[in-house]
Amino acid sequence: METPVTYDGASVRAAKARLGARLGGTWRLIFLLLIFVCIASGAALVVGGVALGWVLVGLAALPLMALEWDKYELTEPRQVVGSVDGVLASDVLGKLGEHPTPQDVARASASVPSGQFFALRYGITSGFLLNITSDQPADTAALWEHALEIKELTNSPSLSGAVLVVAIIRNFADYESLLAHMQLDYEDLLAGIRWYNHLKRLIDTSKQPRRTGGIARDFSFGYIPLLRRFGQNLSESAGSRIVVEVDSHLKALDQLLETFGSGGRQNVALIGEAGAGKTTLVHAFAERILDAKASIPESLKFRQVFILDSASLIAAAPGRGELEGLIMQVLGEAYSAKNIIICLDNAQLFFEEGVGSVDLTNLLLPILEAGNLRIILTMDEQRYLQIGQRNPSLINALNRISVAPSGRDETIAVMQDQLIFTEYQRKVTYMYQSLAEAYRLSERYVHDLAMPGRALKLLESAASYSEDGFVTGNSVQQAIEQTMDIKVGVASSEDEREKLLNLEDHIHERMINQVHAVRVVSDALRRARAGVRNQNRPIGTFLFLGPTGVGKTELSKALADVYFGGEDRMIRLDLNEYVRPEDVSRLIADGADDPASLTAQVMKQPFSVVLLDEIEKAHPQVLTTLLQLLDEGILRDIKNREVSFRDAIIIATSNAGADRIREYIERGYKLEQFEQRFIDELISSNQFRPEFLNRFDEITIFRPLEKPELIQVIDLMLSGINKQMALQKISVNVALDAKEFLVDKGYDPRLGARPMRRVVQRAVENLVAKQMLAGTVAPGTVIEITRDQVVAMLGETTTPATADLPL
Amino acid sequence: MLLALELLRWWYGDGWRKRAQLAGHRLDGTIDYFSIGLLLKTLFSPFRQISAGRVDGPIGVQLRAMVDKIFSRIIGAVVRLLILLVGGVTIGVQVLLSVLLLIGWGIVPVLPLLGAVLALAGVTL
Chain A
1 METPVTYDGA SVRAAKARLG ARLGGTWRLI FLLLIFVCIA SGAALVVGGV
51 ALGWVLVGLA ALPLMALEWD KYELTEPRQV VGSVDGVLAS DVLGKLGEHP
101 TPQDVARASA SVPSGQFFAL RYGITSGFLL NITSDQPADT AALWEHALEI
151 KELTNSPSLS GAVLVVAIIR NFADYESLLA HMQLDYEDLL AGIRWYNHLK
201 RLIDTSKQPR RTGGIARDFS FGYIPLLRRF GQNLSESAGS RIVVEVDSHL
251 KALDQLLETF GSGGRQNVAL IGEAGAGKTT LVHAFAERIL DAKASIPESL
301 KFRQVFILDS ASLIAAAPGR GELEGLIMQV LGEAYSAKNI IICLDNAQLF
351 FEEGVGSVDL TNLLLPILEA GNLRIILTMD EQRYLQIGQR NPSLINALNR
401 ISVAPSGRDE TIAVMQDQLI FTEYQRKVTY MYQSLAEAYR LSERYVHDLA
451 MPGRALKLLE SAASYSEDGF VTGNSVQQAI EQTMDIKVGV ASSEDEREKL
501 LNLEDHIHER MINQVHAVRV VSDALRRARA GVRNQNRPIG TFLFLGPTGV
551 GKTELSKALA DVYFGGEDRM IRLDLNEYVR PEDVSRLIAD GADDPASLTA
601 QVMKQPFSVV LLDEIEKAHP QVLTTLLQLL DEGILRDIKN REVSFRDAII
651 IATSNAGADR IREYIERGYK LEQFEQRFID ELISSNQFRP EFLNRFDEIT
701 IFRPLEKPEL IQVIDLMLSG INKQMALQKI SVNVALDAKE FLVDKGYDPR
751 LGARPMRRVV QRAVENLVAK QMLAGTVAPG TVIEITRDQV VAMLGETTTP
801 ATADLPL
Chain B
1 MLLALELLRW WYGDGWRKRA QLAGHRLDGT IDYFSIGLLL KTLFSPFRQI
51 SAGRVDGPIG VQLRAMVDKI FSRIIGAVVR LLILLVGGVT IGVQVLLSVL
101 LLIGWGIVPV LPLLGAVLAL AGVTL
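Listed in order, the protein sequences are those of chains A and B.
Note that my numbering has the first sequence beginning at 1, numbered continuously upward.
Note that my numbering has the second sequence beginning at 1, numbered continuously upward.
These aren't lab readings, by the way, just hints derived from the structure by calculation.
Just so you know, not all the hints are guaranteed correct.
Just so you have them, the derived chain A footprint on chain B, three or more residues with Cβ under 8 angstroms [what the hints assert, rightly or not]:
no., segment
1, 22-30
2, 73-82
3, 107-116
For lysine to aspartate or glutamate, the following DMTMM-like pairs were computed, each having C-alpha atoms within a straight-line distance of at most 20 angstroms [as the list claims (entries may be wrong)]:
no., chain 1, residue 1, chain 2, residue 2
4, B, Lys-41, A, Asp-218
5, B, Lys-41, A, Glu-152
6, A, Lys-71, B, Glu-6
7, B, Lys-18, A, Glu-76
8, A, Lys-71, B, Asp-14
9, A, Lys-293, B, Asp-28
Note that the Cβ used here is the ideal one computed from N, Cα and C, for glycine as well.
Bound conformation, chain A alone:
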């Protein structure tokens, strides 16, 4: 029934609520004292022969009645449908006058626990609310209207402080921008109300006494000394009121009850990824069957779930025979006791040989096939399939129940439940933004667990990065940045801003020319760090075309260094090693089998420059696999896990058409003049398919370096040498004509500037080394190197500079 928007501040309910608000803790103490004084003094008078004492004893009834009334009625007067005051939460109603203004409502809402919940979890404080509300009583009607609408929308039992806080924000004309500033939206606020209602329900439920069978519950069942030694009784630890929030898990729980409640084989295999909640489900099951009030089959009531501890079993039995004997004894005890459900958590430990695991298939299979002893197994899909492959009859003997990972809303609901324990243990408070951020970031960067486990793991580690006891979205970002050594936040520090704004200059400190290439790459990075980019693609995808030794790899290294903080942030793959169709599997191999596979490396280090060298040599099937990566920033590994490349810069390089580029340059063309024609030529000559080229954000052509630029390259190399020798306080100065000689010797039209490093090494580094060993240079010396010295040094070398390089 729809509640009319009328507020009667003089109603009986309002008067009761106001009285309840006034009767605080002090008044309760006074009443208790009055009761005691009246009864004690009255009784003393009566015993002492003064009949007036009866009046005092009788008067003790008044504070007693007031106390009871306050406790059971005034704190939450019965709701009256038909007006706003009839459904307002009494703690708020008790603080409002007869004609409240929106500011009065804001003040009252912010001062009650449900309103304070929003201050804590969302940062929406009393001051903030007062700033966006008016002090005109006439404006309150619109606020009530929004509040009633939100109450319906969130299924709230009353117009609580939480509902009113959201209504106040909703009442603000430009509420969407207001929320955007706080990185929130309206739906997030509604989720907050549901969260508060849920917590309140949990608290109310926990206050209800539990009925778990009483002292004689286990009289009809057997003793279990061995099980107590080698197992953990989940039913004894039950009582924390595990709430199953995930729909698919609720279904799985019902299936568990149905399987064990019916007459078939009494075993269940819970199959799902690690982190999906299999063990939690077993805990919830243990709790459910211990609840006398739950509607479950009689044959399941008060049964106890024991998780067998494989480690202590293996430790207690040194030989295989002893172990098998011990397990038979434990299982026999469970069967005889008649009220035990055995759980083999991570059941693969009992079905395969390994460290800490032992293959007991022959022992367990007949028991599972007979189906008399109730057993729950938990396992991940992969292991289930592997075990099934080895022993199909084992799989046939099991009743499989799948435990699917949770979705976003379900994961957030699970986090809301679980964080209560973490908050208590770690003395922190989680803000809503931290939950949303934990989901977002864990979905992208945590690969070894399924939801909700992966989000919970991140959320727990974020507690260590709380700010003044509050775990914020920023804490979660810091947690993932520290634990995975990656950057996830938008550029913020002054240093970083400066670096991004002057990215071209920073790159040119270590790269000569290639201005166009540097500019397009820098623009892409600035877009990414400012948050203006498509989040569902890699940061940037570039194809670098050009001859060898012109700076393609150097630019990739510079990017890794400047943007990700080190050259080691470059993942390099030589695609000339991926020339067969079967090489695709090597590209996406599991990290455990091949840590050098592309997916394994990116999984470990998602914030990287991925350099795909000599892409034209890769097999077409390898290229097809890479298409998805370029398009969606996702590649599935061999285990079908999604590996995100959305925080990587993808650079493919190719020498295809290098001679044509040189030819164009020699004929006097500028890059811009032949760029498009050159790309068309690559397509028409079938070196690249157009759909492949179209996937790149930018195709950049690197032109061959000219002599003056090569002298600058020499300078860069020399500054590198000087940096190395700075420790010995020695520096090198090479004459210009000597540099020109080095360029003549080191430059190769086919290999570009690449051989020059070797020439400089041979000429300059060897010369300096000789002088240092001869003791002719002292710290603080500047070694001047002339052309003659260089000629002499290079003359000493019998092999030309490029002779041992692959052509």
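Fit chain B to the known structure of chain A by using the hints.
Only chain B this time, still in chain A's reference frame:
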């Protein structure tokens, strides 16, 4: 005045009901604590299950198992009856106290009046 009337209305309406409800919950808890339902249902079941299911083997073994089971049933019945007895007495006392409390609840509002009457009558101990 209006609030005093409201208090009286609550006292003899929702308040009394709430008090009865609380007494019911307490009683429920005690019944659960003494496992009354379970004890009645399993009065003659073996105590702590000395063996499960049928025992196969020579007649001597079967006889021994049967004797064991009978012995276990007798012990079980004795223990259960004892607990039922203690539980029954506790529940009885609790029911009595709850009834008295509920009757007392109805008298509380008239206690000031009753006190005045007794004082006027000059009753002393």
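Status of the hints after comparison with the structure:
1. 22-30: holds (count 3)
2. 73-82: holds (count 3)
3. 107-116: Coverage by chain A holds here, the residue count being 8 at a Cβ distance below 8 angstroms.
4. Lys-41(B) <-> Asp-218(A): holds (13 angstroms)
5. Lys-41(B) <-> Glu-152(A): violated (47 angstroms)
6. Lys-71(A) <-> Glu-6(B): holds (15 angstroms)
7. Lys-18(B) <-> Glu-76(A): holds (14 angstroms)
8. Lys-71(A) <-> Asp-14(B): Given pair Lys-71(A), Asp-14(B) holds - Cα atoms ~13 angstroms apart, limit 20 angstroms.
9. Lys-293(A) <-> Asp-28(B): holds (11 angstroms)
Violated hint: 5 only; the structure is consistent with all others.
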